[in-house]
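Per our numbering, the sequence shown starts with residue 78, numbered consecutively.
Please keep in mind that the hints were generated in silico from the structure rather than gathered at the bench. Among these hints, one or two may not hold up.
[As the list claims (entries may be wrong)] What follows is a list of derived Cβ distance ranges for each label pair: (1) Ile327 <-> Glu273: 46 to 54 Å; (2) Arg204 <-> Asn320: 46 to 54 Å; (3) Met488 <-> Ala211: 29 to 37 Å; (4) Thr446 <-> Ala254: 43 to 51 Å; (5) Glu259 <-> Ala507: 22 to 30 Å.
[To be verified] Keeping only pairs whose Cα atoms sit at most 25 Å apart, straight-line, the calculated DMTMM-like set for lysine to aspartate or glutamate is: (6) Lys309 <-> Asp541; (7) Lys538 <-> Glu518; (8) Lys186 <-> Glu154; (9) Lys214 <-> Glu472; (10) Lys389 <-> Glu286; (11) Lys226 <-> Asp541; (12) Lys226 <-> Glu338; (13) Lys229 <-> Asp455; (14) Lys370 <-> Asp455; (15) Lys214 <-> Asp541; (16) Lys309 <-> Asp494; (17) Lys528 <-> Asp541; (18) Lys258 <-> Asp230; (19) Lys370 <-> Asp230; (20) Lys229 <-> Asp391; (21) Lys258 <-> Glu243; (22) Lys389 <-> Glu512; (23) Lys200 <-> Asp432; (24) Lys347 <-> Asp494; (25) Lys264 <-> Asp377; (26) Lys229 <-> Asp256; (27) Lys226 <-> Asp247; (28) Lys309 <-> Glu286; (29) Lys528 <-> Asp326; (30) Lys229 <-> Asp377; (31) Lys258 <-> Glu244; (32) Lys214 <-> Asp432; (33) Lys258 <-> Glu501; (34) Lys229 <-> Asp247; (35) Lys528 <-> Glu518; (36) Lys528 <-> Asp432; (37) Lys226 <-> Glu259; (38) Lys370 <-> Glu512; (39) Lys389 <-> Glu501; (40) Lys434 <-> Asp208.
Note that the structure is predicted; figures quoted are calculated from it, not measured. For glycine and all other residues, C-beta sits at the position ideal for the given N, C-alpha and C.
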Amino acid sequence: MSAISDAIQKVRDSLSSLGKRGGGSSSEGSSGSKFDPKLVLTWVKSHPVIVASITVMVVAPVAAWWISSDIYSARDEAATKRVQEMAALEKFEKSSVEIALPGLAAEQKVGVVNENTVLAYRKLADRLRADAQAIQKTALAHNQQGRGKLVKDVTVTRENVNLIAEEVFDAVQARAATDLKEARAGKPPTDQSLIEQLQRRQDQFIAAERKADRKSLNEEQLGRLQRSLVDKRLQLYADAAANTSFYADIADIGMPSLPTEAGTPPSETKMFLWQWRLWVVEDVLNAISAANKPYRSVVDAPVKRVLSISVKEDILPKVAAPAATEEVPAEGSTPPAEGAEVAAAAPVPALPPLDPKAVVAYDFAKSMTGRVSNSMYDVRFATVRLVVATSMIPEVLNAIARQNFMTVISMDVRPTDAFEAADEGYIYGAAPVSELRLTIESVWLRPWLAKLMPRELQTLKGTDGRTTDDPAPSAPATEPTT
78 MSAISDAIQK
88 VRDSLSSLGK
98 RGGGSSSEGS
108 SGSKFDPKLV
118 LTWVKSHPVI
128 VASITVMVVA
138 PVAAWWISSD
148 IYSARDEAAT
158 KRVQEMAALE
168 KFEKSSVEIA
178 LPGLAAEQKV
188 GVVNENTVLA
198 YRKLADRLRA
208 DAQAIQKTAL
218 AHNQQGRGKL
228 VKDVTVTREN
238 VNLIAEEVFD
248 AVQARAATDL
258 KEARAGKPPT
268 DQSLIEQLQR
278 RQDQFIAAER
288 KADRKSLNEE
298 QLGRLQRSLV
308 DKRLQLYADA
318 AANTSFYADI
328 ADIGMPSLPT
338 EAGTPPSETK
348 MFLWQWRLWV
358 VEDVLNAISA
368 ANKPYRSVVD
378 APVKRVLSIS
388 VKEDILPKVA
398 APAATEEVPA
408 EGSTPPAEGA
418 EVAAAAPVPA
428 LPPLDPKAVV
438 AYDFAKSMTG
448 RVSNSMYDVR
458 FATVRLVVAT
468 SMIPEVLNAI
478 ARQNFMTVIS
488 MDVRPTDAFE
498 AADEGYIYGA
508 APVSELRLTI
518 ESVWLRPWLA
528 KLMPRELQTL
538 KGTDGRTTDD
548 PAPSAPATEP
558 TT
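All chains, please: the whole structure from these sequences, using the hints.
Here it is, written out as structure tokens:
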């Protein structure tokens, strides 16, 4: 038996003897002995090493179990936390990012999103934003076509109320005539000019034959005179065609007919719409001129003649908001006396800025493009009738498509008689020709166009052309009070 076992046995024997009074035999002690706590306490005090050893032997296993259970619990909690952290890291490793680039379908990318990834994406976003702004600026310049101001200011005041309609009308007509001249548009000789030229040729023939007048010519001479006049007439037509890119007359391109169309007193909106109509016509003429530019004359060119251009009026509400310009007195009214107090004009309400990032709606029931007027642009339509070389119709359509956001949304083709037109002086050449009827849609961006509109039309459109990218308008300066 080991020393520890001996010690334990000794303790047991000692404790057994402490429970007997008088130290009697074991048989006697078993019959009437009682436990004496004083003797136990005395023994414990006299044997402290033994008591301490027994205490450690009893308490240590319990304490060890308790401590080990806490350790395992802490380790289990730490392990669970590590697993959660690893799952989070794996989630970052497999992060899904949607990349949407202009003109391409959105694409899902999976990978680690870190600081470098965010920085690269920020650089890409900044570059795309700069590209979008540059494209927007280019689109505005392309659509504006250098029209930084009106052909003629339409502001109505007390001083010009009786003359401004005629001034704007004359300016629009003069601009249209200049456009036709620059496009090398022309027309056959007028009847009066033709008569004068043929009369001169007849006089020369009669003088060459040494006759007094036409009646003095014999039959053979009359035949030669008629052939000479026909040749002269054809020569005049050919000369006009050689210097002409296409036939067109200002009366056929849809300009306003009379100054009185502006109303009484003249409407600033109507006079602005004259100029807007002129710009639509200009774009059509520019497209025709571009199609004919590679060719020397109307005989060779794709577009032979402009039969008519009709621009559909812009649809506006019936009740117009009051203009924010100087008030024009009604006819017959007397101006206020000098020194009389005049009521201050009501402040002009600010119009909301345009949002270039706003999503526009489409209505494909209206046209094949689905484009309708919205907060960012207006859609205008023009009906154009042309005489075109049949084999060159695609060239004409392509030229229109390249011109200032214009789209042909409908087309009708029918044959036409070139010989009948030649009788009127229109020389189309030997190639077959057709009459082409087109409906052309054109888009007009408001960020530049609305800035030129009169205030009443801006109010109807709901914008003054300012966008969310423009700086906010500064408040009007107030005079210091004294």
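Outcome of the hint check:
The beta-carbon spacing between Ile327 and Glu273, approximately 23 Å, falls outside the hinted interval of 46 to 54 Å. One distance hint, 46 to 54 Å for the beta-carbon pair Arg204 and Asn320, holds here, with the actual separation near 51 Å. Hint check: Met488 to Ala211, Cβ distance near 34 Å, so the stated range 29 to 37 Å holds. At roughly 32 Å, the beta-carbon separation of Thr446 and Ala254 lies outside the given 43 to 51 Å, and the hint is violated.
For Glu259 and Ala507, the Cβ-Cβ distance of about 28 Å falls inside the hinted range of 22 to 30 Å, so the restraint holds. Distance restraint check for Lys309 and Asp541: the Cα-Cα separation of roughly 59 Å exceeds the 25 Å cut-off, and the hinted pair is therefore not satisfied. In summary, the hint linking Lys538 to Glu518 is supported, as the alpha carbons are separated by about 19 Å, within the 25 Å threshold. For the hint linking Lys186 to Glu154, the alpha-carbon distance of about 35 Å lies beyond 25 Å, and the restraint is violated.
A threshold of 25 Å between alpha carbons decides the hint, and for Lys214 with Glu472 the separation of about 29 Å lies outside it, so the pair is violated. Of the supplied pair hints, the one linking Lys389 and Glu286 is violated, its CA atoms being roughly 59 Å apart against a limit of 25 Å. Distance hint between Lys226 and Asp541 is fulfilled; the C-alpha atoms sit about 15 Å from each other, no more than 25 Å. The hinted pair formed by Lys226 and Glu338 meets the criterion: a straight-line CA distance of about 22 Å does not exceed 25 Å.
Restraint check for Lys229 and Asp455: the C-alpha separation of about 22 Å stays at or below 25 Å, so the hint holds. For the proposed pair Lys370 and Asp455, the alpha carbon gap of about 30 Å is over 25 Å, so the pair is violated. For the hint linking Lys214 to Asp541, the alpha-carbon distance of about 18 Å falls within 25 Å, and the restraint holds. Note on Lys309 and Asp494: the hinted pairing holds, with a Cα-Cα distance of about 23 Å set against a maximum of 25 Å.
Between Lys528 and Asp541, the direct Cα distance comes to roughly 6 Å. Compliance with the 25 Å bound is thereby established for this hinted pair. Pair hint Lys258 plus Asp230 holds up; C-alpha atoms about 24 Å apart against a cutoff of 25 Å. Proposed proximity of Lys370 and Asp230 is contradicted: the alpha carbons are some 33 Å apart, above 25 Å. With a CA separation close to 19 Å, the supplied pair Lys229 and Asp391 stays within the 25 Å bound.
Taking the CA atoms of Lys258 and Glu243, the gap is about 23 Å. The hint holds against a cut of 25 Å. Note on Lys389 and Glu512: the hinted pairing holds, with a Cα-Cα distance of about 21 Å set against a maximum of 25 Å. Simply put, Lys200 and Asp432 have alpha-carbon atoms about 24 Å apart, close enough for the 25 Å limit, and the pair holds. Between Lys347 and Asp494 the CA atoms are separated by roughly 39 Å; this puts the pair beyond 25 Å, and the hint is violated.
The hinted pair formed by Lys264 and Asp377 meets the criterion: a straight-line CA distance of about 16 Å does not exceed 25 Å. For the hint pairing Lys229 with Asp256, the CA-to-CA distance comes to about 16 Å; that is within 25 Å, so the pair holds. With a C-alpha separation of about 17 Å, the suggested pair Lys226 and Asp247 falls inside the 25 Å cut-off, and the hint holds. Distance restraint check for Lys309 and Glu286: the Cα-Cα separation of roughly 18 Å lies within the 25 Å cut-off, and the hinted pair is therefore satisfied.
Using a Cα cut-off of 25 Å, the hinted pair Lys528 and Asp326 is violated, with the two alpha carbons roughly 32 Å apart. Of the pairs offered as hints, the one joining Lys229 and Asp377 is violated, with about 37 Å between alpha carbons and a cut-off of 25 Å exceeded. Of the pairs offered as hints, the one joining Lys258 and Glu244 holds, with about 21 Å between alpha carbons and a cut-off of 25 Å not exceeded. Distance restraint check for Lys214 and Asp432: the Cα-Cα separation of roughly 14 Å lies within the 25 Å cut-off, and the hinted pair is therefore satisfied.
The hinted pair formed by Lys258 and Glu501 meets the criterion: a straight-line CA distance of about 21 Å does not exceed 25 Å. For the hint linking Lys229 to Asp247, the alpha-carbon distance of about 9 Å falls within 25 Å, and the restraint holds. A threshold of 25 Å between alpha carbons decides the hint, and for Lys528 with Glu518 the separation of about 22 Å falls inside it, so the pair holds. With a C-alpha separation of about 15 Å, the suggested pairing of Lys528 with Asp432 holds against the 25 Å cut-off.
Annotation: proposed proximity of Lys226 to Glu259 holds, straight-line Cα distance about 20 Å (limit 25 Å). For a cut-off of 25 Å, the pair hint linking Lys370 to Glu512 stands: about 20 Å separates their Cα positions. With a C-alpha separation of about 30 Å, the suggested pair Lys389 and Glu501 falls outside the 25 Å cut-off, and the hint is violated. Under the criterion of a C-alpha separation no larger than 25 Å, the hint pairing Lys434 with Asp208 is consistent with the structure, at around 14 Å.
When the structure is compared with the earlier hints, violations turn up for hints 1, 4, 6, 8, 9, 10, 14, 19, 24, 29, 30, 39 and for no others.
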